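Here the numbering used here is used: the first residue of the sequence shown is 1, the next is one more, and so on.
There may be inaccurate statements among the hints.
[Unchecked claim] Here are the computed distance ranges between Cβ atoms for each label pair:
#1 P112 to E17: 47 to 53 Å
#2 Q37 to Y12: 21 to 27 Å
#3 E47 to D103: 22 to 28 Å
#4 D5 to G75: 29 to 35 Å
#5 A25 to A99: 35 to 41 Å
#6 R111 to P29: 29 to 35 Å
#7 E6 to A46: 39 to 45 Å
[Unchecked claim] Only pairs whose alpha carbons sit at most 35 Å apart, straight line, appear in this in silico DSBU-like list of lysine-lysine:
#8 K4 to K28
#9 K52 to K28
#10 K28 to K14
#11 K52 to K4
#12 K52 to K85
#13 K28 to K68
#14 K85 to K14
#15 K4 to K14
#16 K14 to K68
#17 K85 to K4
It should be emphasised that the hints constitute simulated quantities derived from the structure, not laboratory data. Everything numeric in this text was worked out from a predicted model, so none of it was measured. All C-beta atoms, glycine included, are put in the ideal place defined by N, C-alpha and C.
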Amino acid sequence: MPAKDELARRRYEKLVERLESLMQAALKPEYEGYYGQLILGADDLAEMGELKDVRRAAREAGRRLGWKTTTHLVGNRLFALDERKVPEEIERLAGDAAAAAIDRARQESHRPRG
């Protein structure tokens, strides 16, 4: 039995490391570690194992990154989100970026198609 426990512990640790890496890669440097999120689809979840283990590992990975991590299952996707309070200057920067993206999308939708 102890060998099985050790194997399970190593698998879990590898899962945490993988999720931490994915979460880190999804961060935008200009937001200084805030606004973290990771979205895992059905294929990702099936590959990673039991949902309860993936959720627990995602919360642990987020803690390692300094996040206040919550997980939400929506349909067949798992969202891992950083719920920390965002500093005002980062919030303003993100708001400006979102507004610029909306403006670009509107301009694209009004361009004549050739």
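Against the structure, the hints:
1. P112 to E17: 47 to 53 Å: Because 50 Å falls inside the window, the suggested range holds.
2. Q37 to Y12: 21 to 27 Å: 22 Å, holds
3. E47 to D103: 22 to 28 Å: 38 Å, violated
4. D5 to G75: 29 to 35 Å: About 34 Å separates the Cβ atoms of D5 and G75, which means 29 to 35 Å holds.
5. A25 to A99: 35 to 41 Å: 25 Å, violated
6. R111 to P29: 29 to 35 Å: 31 Å, holds
7. E6 to A46: 39 to 45 Å: Given about 25 Å between the Cβ atoms, the range is violated.
8. K4 to K28: 39 Å, violated
9. K52 to K28: Holds, at about 28 Å.
10. K28 to K14: Roughly 24 Å between the alpha carbons, so the hint for K28 and K14 holds.
11. K52 to K4: Given that 35 Å is the threshold and the Cα spacing comes to 19 Å, the pair holds.
12. K52 to K85: 26 Å, holds
13. K28 to K68: 17 Å, holds
14. K85 to K14: It holds: about 29 Å lies between the C-alpha atoms, which stays within 35 Å.
15. K4 to K14: 15 Å, holds
16. K14 to K68: Roughly 21 Å between the alpha carbons, so the hint for K14 and K68 holds.
17. K85 to K4: 40 Å, violated
When the structure is compared with the earlier hints, violations turn up for hints 3, 5, 7, 8, 17 and for no others.
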